[in-house]
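**Q** Chains as they are written, first to last, in the numbering used here: chain L, 1 to 608; chain R, 1 to 608; chain B, 1 to 351; chain E, 1 to 351.
Treat the hints with care, as some may be off.
[As the list claims (entries may be wrong)] Which chain R residues face chain E? A few, computed with CB under 8 Å, are given here:
#1 T229
#2 T232
#3 E262
[Said to hold, decoys possible] One side only, chain L facing chain B, incomplete, derived with CB under 8 Å:
#4 I46
#5 Q47
#6 G48
#7 I228
#8 T229
#9 E262
#10 T319
Because the hints were derived from the structure by calculation, they are not lab data. Beta carbons: idealized from backbone N, C-alpha and C, even for Gly.
Each chain, written out:
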Amino acid sequence: MRVNDFVIKFANVNGSGSASANALFAKAIFRMGVPVAPKNIFPSNIQGLPTWFEVRVNDKGYLGRREGIDMMVAMNPQSWDRDVAEVAPGGYLLYDSTFIREIERDDIKTIGVPLTKLCNERFTIPRERQLFKNVAYVGALTALLDMDFEVVKGMLSEQFRGKDKLIAPNVDALELGRNYALKYFDCPLDIQVVTSDAVGDRILVEGNDAAGLGCVFAGATVAAWYPITPSTSVAEAFEKYCHQLRIEPETGKKKFAIVQAEDELAAIGMAIGANWNGARAFTATSGPGISLMSEFLGLAYFAELPVLLFNIQRGGPSTGMPTRTQQSDIISCAYASHGDTKHVLLFPSDPTECFDFAVRGFDLAERLQTPVIVMSDLDLGMNEWTTKPFKIDETMGFDRGKVLNAEQLDEIERFGRYLDVDGDGIPYRTYPGTHPEKGAFFTRGTSHDEYAGYTEDGTVNARVMLRLSHKFNTAKTVVPAPEFGQKTQGATMGLIHFGTTAVSVPEAMGMLADSQIHLDTMRLRAFPFSQEVEDFILSHDKVFVVEQNRDGQMRSLLVNECGLDPARLVPILNFDGSPITARTIANMILEHLGQAVEDRSADGVAAE
Amino acid sequence: MRVNDFVIKFANVNGSGSASANALFAKAIFRMGVPVAPKNIFPSNIQGLPTWFEVRVNDKGYLGRREGIDMMVAMNPQSWDRDVAEVAPGGYLLYDSTFIREIERDDIKTIGVPLTKLCNERFTIPRERQLFKNVAYVGALTALLDMDFEVVKGMLSEQFRGKDKLIAPNVDALELGRNYALKYFDCPLDIQVVTSDAVGDRILVEGNDAAGLGCVFAGATVAAWYPITPSTSVAEAFEKYCHQLRIEPETGKKKFAIVQAEDELAAIGMAIGANWNGARAFTATSGPGISLMSEFLGLAYFAELPVLLFNIQRGGPSTGMPTRTQQSDIISCAYASHGDTKHVLLFPSDPTECFDFAVRGFDLAERLQTPVIVMSDLDLGMNEWTTKPFKIDETMGFDRGKVLNAEQLDEIERFGRYLDVDGDGIPYRTYPGTHPEKGAFFTRGTSHDEYAGYTEDGTVNARVMLRLSHKFNTAKTVVPAPEFGQKTQGATMGLIHFGTTAVSVPEAMGMLADSQIHLDTMRLRAFPFSQEVEDFILSHDKVFVVEQNRDGQMRSLLVNECGLDPARLVPILNFDGSPITARTIANMILEHLGQAVEDRSADGVAAE
Amino acid sequence: MTYIAKPKFHHPKLPLNDLGLTRRDYEGAMSTLCAGCGHDSVSAAIVEACFELNLPAHRVAKMSGIGCSSKTPTYFLSKSHGFNSVHGRMPSVATGANLANNSLKYIGVSGDGDTASIGFGQFAHAVRRQVDMLYVVENNGTYGLTKGQFSATNDRVSVGRKGQKNAFDAIDLAAMAIQLGASFVARSFSGDKDQLVPLIKAALSHKGFAFIDVISPCVTFNNHIGSTKSFEFVRDHEHTVTGADYVPHRETITADYEEGSVIDVTLHDQSRVRLRKLDAGYDPSDQAGALQHIMARQAKGEVVTGLLYLDTGETELKEKMEMVAAPLNSLGVAELRPDMAALEKINVGLR
Amino acid sequence: MTYIAKPKFHHPKLPLNDLGLTRRDYEGAMSTLCAGCGHDSVSAAIVEACFELNLPAHRVAKMSGIGCSSKTPTYFLSKSHGFNSVHGRMPSVATGANLANNSLKYIGVSGDGDTASIGFGQFAHAVRRQVDMLYVVENNGTYGLTKGQFSATNDRVSVGRKGQKNAFDAIDLAAMAIQLGASFVARSFSGDKDQLVPLIKAALSHKGFAFIDVISPCVTFNNHIGSTKSFEFVRDHEHTVTGADYVPHRETITADYEEGSVIDVTLHDQSRVRLRKLDAGYDPSDQAGALQHIMARQAKGEVVTGLLYLDTGETELKEKMEMVAAPLNSLGVAELRPDMAALEKINVGLR
Ligand SMILES: Cc1ncc(C[n+]2csc(CCOP(=O)(O)OP(=O)(O)O)c2C)c(N)n1
Ligand SMILES: Cc1ncc(C[n+]2csc(CCOP(=O)(O)OP(=O)(O)O)c2C)c(N)n1
Ligand code: SF4
Ligand code: SF4
Ligand SMILES: [Mg+2]
Ligand SMILES: [Mg+2]
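The following block holds chain L by itself, in its conformation from the complex:
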């Protein structure tokens, strides 16, 4: 019996309308109080290619991707063979039995529902026949998995509120599948969903949606972006929430501006121009955009301009795997641009943190007067996550950093844009138009002195560069601190992770505990690294660094910035474009420690 603990996968053709039915299924389980982790595995194309939707259901809250499919809903003849092969022994295969299929495996159980036939009989319009097949298999699943049918029906009504005449045929389709299953199969199966309260007050939301919302609450007014998967939905979410929350009621006018730029260079240029001028502005992109933005990032670093940038990482290098996930832009973001540059990075690990880091990111960018890059990824950005609800602290304002207004300018003798007045390496700035006589300065990417004057005196420039290093040290004290997870008395080994890997770590630790291996864990949340990060590493003999890239980029950054012996840091790497699993982490650690390893389905893609 697998109650509230299984993985179900849907194999569809993209553009066939399966996405909303699948999402409905996942959300229904969530509504029943059971945590879910749905994942869309989609092609870089619009219509006609294989697409999958994988839902992990787990009431212990282990929501990382897991190998082994307990039930496959195989709707796509193109991918049939591999879909069948992927079912775990003992698992189920639900398929459209309108068509006769050879099923070579005898270690799995098959459930044939003649979906096409049923829908063709019931519906007449071709598009409806096609669409309702998806709803019908959800209906079958409600019976097979013993789901709360009222919840599902209720959701359909919600979904089609306003287009009420669509409700009845949808419910119809649902019941078509459900009744067939009830009639021909022994319902429920030994995989079941039982109403629970394991979700608590959590919400189900995509990281990009959360990021866009966070920007609204952060007071961002300007967004400039260029479409690129998987970052597009950050801008779209910002737009959606702005339309809800930022229209001036009296006039219907916008308290925001969103520009679809002509490319990524222009997008970040606009965001920089707006920030220079005192509006909070951001852009969002993915790998290729990061490369294109790097000249401007260097300018912002050197001229000390705040800007917030969301990098929703995808599979690199080059155009790479645009619809797969990776954490492989760490180095290119940390040191983006030529010359000596370093950038502040934030690593959210769930949508709640995408929201929080949008809010905090603007504060940091303005406080530190430098670009801040939020390093999300496709898995986080484009999938719905069961996550803590959004919160803001209403007693806190925005931290606009060191900005002088006209009165303050009146009080000072001589304004020096790049003077380190407070000893923290952070100078004062002014917005254009502030004061008729004082505070104007020239922003430039060329070498300048403390008064923003152009200089070719290398000694002066070196002094400015050293202050920038000092400012980066200050950053260590204000960026989000690491979070410590499992802490075992006397553990000699540690594990460092960040971003979306976090969701798989507790489960991996559990697996290792079964082999009597206990690790202290630390989740990095920001670069530059605070002292605690170094301390954690130094207090363990060996530390595993788990990353979703080939080259162990975070490990490099740790070694480089903390000046640590790399021998202490063991890379655990996964870069096949799918989210890292607990099993992968556990097995690689076991392997490294020379222990027996449990079978894993991911075959050889994770290296070192």
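Could you slot chains R, B and E with the ligands onto chain L? The hints should help.
**A** Relative to chain L, chains R, B and E with the ligands alone:
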């Protein structure tokens, strides 16, 4: 007495015609058989600002920049104060005594020559009066320093060959200065140039000139570039030499194509397109261009396309110090572009090596099917260096790498563009148009399988990525090996350097030897690092890494790629935009070792 | 994508061209575009044109950027090398390829996002350099691959699928190409094969930069009522100023056109393009006049198609660059590397 | 560069404008350009225009890219903030700045290299978006700061200092701006202050994208015989199609112009620009016609100057974006951040 061993500096206004007179002066000393190192210190502007020309004369061959000016030719009232201040105690100040100047120092010797007056008396055209002042001070110097007057006169005749009527007035101006000096001063001074044979068969040439020439001898046919200081002269030199050596005699047509692109993205795009199509093509740029090229570099890495790129580094970040030198693009070039990428870098340390690395760079790029970046810098690229003559091995052809022709295609069953046939990680390629039926493939930056087919199978992509890592390991065995300099019996400390730092190292080692400090030295010539590099580090307790940047970028690369404890590597850094001096190196090492340090003029700009 | 192998057998009855090849020989992998996408018709037209022109496929190079449109080179001419570069930068890659070997035919395929936004600068400069190539923009007014954002060629009056308004004027790429001096400029419609195929043939026979702006509707994101890039709209608003028929150079001209309305222009390979004046006021050899005419008509909501501008007198890149006849990529060590004596002379000059 | 402090004392006799300021108050640091550089005259014209317009200098923002031309904002309006961005990317930075605060006046200064090559795409899209700014290109046909390479605005017939020939046609930025829909397009000459100053004043009073292509000779690299961007050439070949005089909105019109040849156009701030028809065939309100006229004349080697195109009906970016009246950068937490209740509602919707 300082014979054949001194530093003289000229302070001028740019656009005033001083450059050619100063160059004449330096070249004359070189012609007398004495090694020289002239350095232009010019502003990022065209006319009217201070510019300096510093010449180190040293017959021991110590040609790195040296602190302390033995003689200043101070022609620029704008920079007068600092120019006077810069003269070493006991040194000379030559100035235009037409104007009365307060000279506050009594520890230096002044030589007033009324240059303006002399020229105004002799010449009538304003522009001539202006220009000939420069020639006149060179004339004065021939007397003061006891230079071979016939050599200088001969050079003027050479220079104006074809415009013969310019010779006489130039010689006139020369004699004007010379005769005044002979008449009013005790010539020669105790700074002198004596004819020698210390130059040997060496030549005097700029690194960029050598690089452009190297591309001609490497068989490059396409150059695409966008103007940027200090790289422009690479393309200009290529053009100059192509016009000499690559015009088809029968038709007057060009066996080359040089395109001034619309920007750096286009420049590298063109170079990549040409290389893809089987022509050797290159581009040259500097920092901002590197940032802009990074998307294309990622494509070339991943699609495995050869391309040669000269990065003539200048002061970064951003537009930075465009007319100053640095080695600060190491990280941004080694890991250029998003995703997991690594690029082959070459580090020339003199113009001869600029030539050699152009030739070798194309062989490597085509052999490895990947971008190769030649990491020169402004000091090397835009100054004339006393360097070994150019050589080629006429018995060797070009290494075009693994390219299949029609016959070879006929012989194989199925061509796989990205198959690792030979086990070295390097696949075979074909040029477009080779064979009517076989060998065509699609070049793409998206994930692909071994047959260049598009794939979204992450496992396949990971396999390709691992082969790329393997190929990069192969690169270690074919790139130029490090060069070992001083090797002392039983030395426990080493020193690593690269690029233009090399010229200051022997002198620095001499200074350290005076303090009983002996270091083994190694000069890096390429990235990735070969095993010898790691061995060198491991065989010393402590290794100093000398670099001209703020963040110790090469040290990071060494730690990261060799997996070494950073504690072994001590950074020695200079980033004020002027070439690092032997004294800087020696003093920083002495400081690190807690020893007394000799006075240095560079004040605090070198950090850590 | 190539996961479905397409059977490639020669049907005995398929017509053969002069090279003994069938249309099948010019096809590519199976398209993965949406069913009905205009881009697939453009691919088919390219196949048809190459077949009819008897082009040896391996002497063609297919260049593209990124987008649904830029994917299409996989779906035609599978025997040609292809280069799917980065977004908006195909023009530079094609320029470099062209410099290396001008003896191949270059077909560049791009989208309106790829060309009018991120690639606008490269496009303009490829035109200005007169790169010898056919540059096709599959113009659907939208970003297909990233799911339907407005592109810069979307008309101001054209609304989005969800009724979104567009505040900005469209960039007319054909008008741009004319102003920038392209020597062959046409506009066509993916739904009008009879017009498109001869235009492609003429363009491929033209030496210099040949530009065809093909309105190619995106059935998924921009084919609704209110869109000016929908099949229906284009069909209803198309106004052809100049009909163009391609005449191979062996064929003699049969006088079956009305006197005065027909002009024959000889292309560089001695083939001709026969222009039929369909709009009396239009002169496809008058750069400024053509531009004015197009702008005026487009302002009225018409989609002006046909051969818009032709200048057979302009030189192309290789001539401008005064390059030798042989492709640069065919030159070897002997032709390219001076000998040691030449180098020694340089050394001497530097002493 | 600012190393030479310029004495800023008010000479008692210097004329004052309505704000009580002298021309000196609008100056900047001392120029470091070459003596005689056209760009310095453009700076002087900007100073003059701002003085005459009574602009409070701190309400002006100076935007530029990289080049000799892009350096000039340091040399005027020292009380204004300036942003010397990266090469070719000023338009995007200016667009962002504009969105943040549309209540400032934006003066963008660029070069022909900066705009017609690396920045061509950004330029085109800033035009298309109708960013409310004055965009001045100081056009010398060359890359001054990098020492004299041809730029993309260099005419095909124009030869280099050392006799180098130019194989490519020039991009005419003014014609481009017209085609791309800029609502104010002019061309002028740095040597013609009488024409340039009123044009700048009118442009600064215009709401929307105002473009002025100023031929501004580079005395060091492109002022020789054979160059079509030399002082002499421009002086000899200038053909002014429309004279433009700026009339502040308080001033009444005195009828001292010949009937028929004068048109008054009211600008957005109620000031007017008085257009004098100097070329009978020219209509500065006819986009396509103006373009044709300019192209035809330029083809004959003339340099067409004056106000080339004016459309006071076009909306500018902020209107297109339907933004609130208050500058976005003036909104605080209260205006921008919804409260916890709103957030809680969103949380509920996500359960
Ligand atoms: C540098 C970069 N930015 C963004 C993208 C994402 N992207 C892929 S295709 C595309 C637009 C395609 O539009 P278009 O060229 O009109 O082609 P269509 O799909 O409409 O045929 C974009 C923005 C990318 N691949 N690379
Ligand atoms: C990305 C980048 N590429 C190249 C350069 C070098 N560069 C500086 S100014 C300039 C051209 C300037 O020409 P133009 O815009 O016409 O200005 P002008 O100096 O003629 O006024 C170039 C190429 C740079 N600074 N940045
Ligand atoms: S999304 Fe549009 S452009 Fe792309 S394949 Fe589908 S119909 Fe064609
Ligand atoms: S180089 Fe030319 S553009 Fe630059 S300052 Fe001198 S004259 Fe002006
Ligand atoms: Mg499109
Ligand atoms: Mg210029």
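**Q** Holds or violated: the hint that L:I228 contacts chain B, with Cβ atoms closer than 8 Å.
**A** holds, 7 Å
**Q** Does the closest beta carbon of chain B sit nearer than 8 Å to the beta carbon of L:Q47?
**A** Result: holds, 4 Å to nearest chain B Cβ.
**Q** Does the nearest C-beta of chain E fall within a distance shorter than 8 Å of the C-beta of R:E262?
**A** With a minimum Cβ separation of about 4 Å from chain E (threshold 8 Å), the hint on R:E262 holds.
**Q** Tell me if the interface restraint on R:T229 is satisfied: Cβ within less than 8 Å of some Cβ in chain E.
**A** Hint holds; R:T229 Cβ to chain E Cβ min 6 Å, cut 8 Å.
**Q** Holds or violated: is the Cβ of R:T232 closer than 8 Å to a Cβ in chain E?
**A** With a closest approach of 6 Å, the R:T232 hint holds.
**Q** Go through the hint on L:I46 and say holds or violated, using the shortest Cβ distance to chain B against 8 Å.
**A** At about 5 Å, which falls below the 8 Å cut-off, the nearest Cβ of chain B leaves the hint on L:I46 intact, so it holds.
**Q** Under 8 Å, Cβ to Cβ, is where L:T229 needs to be relative to chain B, so tell me if that hint holds or is violated.
**A** holds, 6 Å
**Q** Take the shortest C-beta to C-beta distance between L:G48 and chain B; is it under 8 Å?
**A** This interface hint holds because 6 Å falls under the 8 Å limit.
**Q** Using Cβ atoms only, decide whether L:E262 comes closer than 8 Å to chain B, and label the hint accordingly.
**A** At about 4 Å, which falls below the 8 Å cut-off, the nearest Cβ of chain B leaves the hint on L:E262 intact, so it holds.
**Q** Is the hint on L:T319 kept, meaning its closest Cβ partner in chain B is under 8 Å away?
**A** holds, 6 Å
Comparing the model with each earlier hint shows no violations; every hint is respected.
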